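2 protein chains.
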Amino acid sequence: MEKLTIIKVGGKIVEEEDSQKQLLADFKNIKGNKLLVHGGGRSATKLAERLGIETKMVNGRRITDKDMLDVVTMVYGGLVNKNIVAGLQALGVNALGLTGADMNLIRSEKRPVKDIDYGYVGDVKEVNTEFLSTLILQGIVPIIAPLTHDKQGNILNTNADTIAGETAKALAKVFDVSLVFCFEKKGVLMDENDDESVIKELSKNDFERLVAEKVIQGGMIPKLENSFDAIAAGVKEVIITQASEIGKASGTRVQ
Amino acid sequence: MEKLTIIKVGGKIVEEEDSQKQLLADFKNIKGNKLLVHGGGRSATKLAERLGIETKMVNGRRITDKDMLDVVTMVYGGLVNKNIVAGLQALGVNALGLTGADMNLIRSEKRPVKDIDYGYVGDVKEVNTEFLSTLILQGIVPIIAPLTHDKQGNILNTNADTIAGETAKALAKVFDVSLVFCFEKKGVLMDENDDESVIKELSKNDFERLVAEKVIQGGMIPKLENSFDAIAAGVKEVIITQASEIGKASGTRVQ
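Here the protein sequences line up with chains A and B, keeping their order.
Here the first sequence is numbered in the numbering used here, starting from 1 and rising by one per residue.
Here the second sequence is numbered in the numbering used here, starting from 1001 and rising by one per residue.
Please keep in mind that the hints were generated in silico from the structure rather than gathered at the bench.
Where hints are given, some of them may not hold.
[As the list claims (entries may be wrong)] Under the rule of at most 27 Å between Cα atoms (straight-line distance), these lysine-lysine pairs were calculated in the DSSO-like manner:
#1 B:K1125 to A:K21
#2 A:K236 to A:K204
#3 A:K110 to B:K1125
[Said to hold, decoys possible] Have a look at the derived ranges for each label pair, beta carbon to beta carbon:
#4 B:E1002 to A:K3: 29 to 37 Å
#5 A:I221 to B:K1110: 44 to 52 Å
#6 B:L1051 to A:S244: 48 to 56 Å
#7 A:I53 to B:L1091: 24 to 32 Å
All values reported here derive from a predicted model rather than from experimental measurement.
Where a beta carbon is used, it is the ideal one built from N, C-alpha and C, also for glycine.
Here chain A stands alone, though its shape is the one from the complex (with noise of 0.2 Å):
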């Protein structure tokens, strides 16, 4: 099987120009295979409030009503989506810029309102998989924007970790698949005030007793849960790591 290197980048990262710039370059220089997912929040938080619309988050997850929906269509698909395709087609990497909507490549059903109404948002039912390798295998390399559609003709807010981690498992049944999870610091840290404490590898075994432990927490626990599930759907390795180590041998290995 071909490699494919898969890496999710937040906001912040794809959203200031000076680290986009940065973020694109090092993309760039990652060999083989390789697909972009991105956020775009702080930049759909910025349009919305300009417009007078008012951003509710629930547990980090934003209410997406109609005008909310319009906001993240335009940044995710729009703004942040095509900057990036024509800032890495400047460096020679032949970038599509895609939503789930594009080739029907990932479809999610609206999310079913139980304590919450989060709107229009949607969560992941299945991946496009012959489309999405076909394009990989014809050198395209596709960036995907944190949206999905319903096929009944509306599109839906999806988080963009989870297209990250949907779309890995999917494509892990053609390729040998990393998945590559950026944030803010340098991976999974055993001392929260020590940045350098990095956890180099991560079993499951070993997340547990350090959740026992409360040695991760917060955020961090969702994340690494996605990653255990990718890996128990034959993702090969989900790295977490700062957005400029990409392609390093460095971070935590979950594995």
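Guided by the hints, dock chain B onto chain A, whose structure is given.
Just chain B, lined up with the frame of chain A:
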């Protein structure tokens, strides 16, 4: 050669929910290979207004400073494009939303400043015939937003009629291309006060005579000049018609 129908639809039709729905249903019914180029000017102007950005037009062209470039990137590349894609996917059309930056499909150059500085506006230099025709021959239906790039990292705002014309000319090497320009009237009219006075067939000689006689004037002249250019470059036919008539044998046939 296989047939390919290229449809260009302006802003209003794709920007209003009801007319967009009808357009997509009509577009779905076009048999064989097809490609859609859309506008979105009205929505861009509306968003710009809400953001306190002034819209300046010269000779029907939008002056595109950095703020306006962000607006059109969001509206054309995000909002309008992705809603069309999701709408077509719901109808079973395998739509893929694109700008000229994606896969380096359409490279342009920033328009040189002479009397007027149009800002981030691109003149088309090169269409990537190979990638575009490969997609189409795979059964994919490209939906192209009026944005290109300069391959130096900049998105450039580009007239949708020009994109349709240049794409048609490039693809004429691979396909028997019918290029359909949709506008408000049923076709080119002999009498501007009689909507039924459609000229069925228009040759270059007829055109020149009718311009001299001032039967054809205003914005229709550059549209028809572009059409004759396309014919001269190998496009099989150019049809000027109303959006509601696409796929039917009506309107004005330029040849």
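> Taking 27 Å as the top limit, are the C-alpha atoms of B:K1125 and A:K21 close enough?
Replying inline: 26 Å, holds
> Taking the CB of A:I221 and the CB of B:K1110, does the distance hold inside 44 to 52 Å?
Replying inline: Holds, since A:I221 and B:K1110 (Cβ atoms, about 48 Å apart) stay within the stated range.
> If you check the beta carbons of B:E1002 and A:K3, does the distance land in 29 to 37 Å?
Replying inline: Holds: the Cβ-Cβ distance is about 36 Å, inside 29 to 37 Å.
>> Need the status of pair A:K236, A:K204: alpha-carbon distance at most 27 Å?
In response: 14 Å, holds
> Hey, A:K110 versus B:K1125, does the alpha-carbon distance stay inside 27 Å?
Replying inline: The hint is violated at about 42 Å.
>> Against the range 24 to 32 Å, how does the distance between the Cβ atoms of A:I53 and B:L1091 compare: consistent or not?
In response: Since A:I53 and B:L1091 have Cβ atoms about 30 Å apart, the given range 24 to 32 Å holds.
>> Tell me if the beta carbons of B:L1051 and A:S244 are separated by a distance inside 48 to 56 Å.
In response: This hint is violated: roughly 33 Å between Cβ atoms.
The structure fails to meet hints 3 and 6 from the earlier list, while all remaining hints are met.
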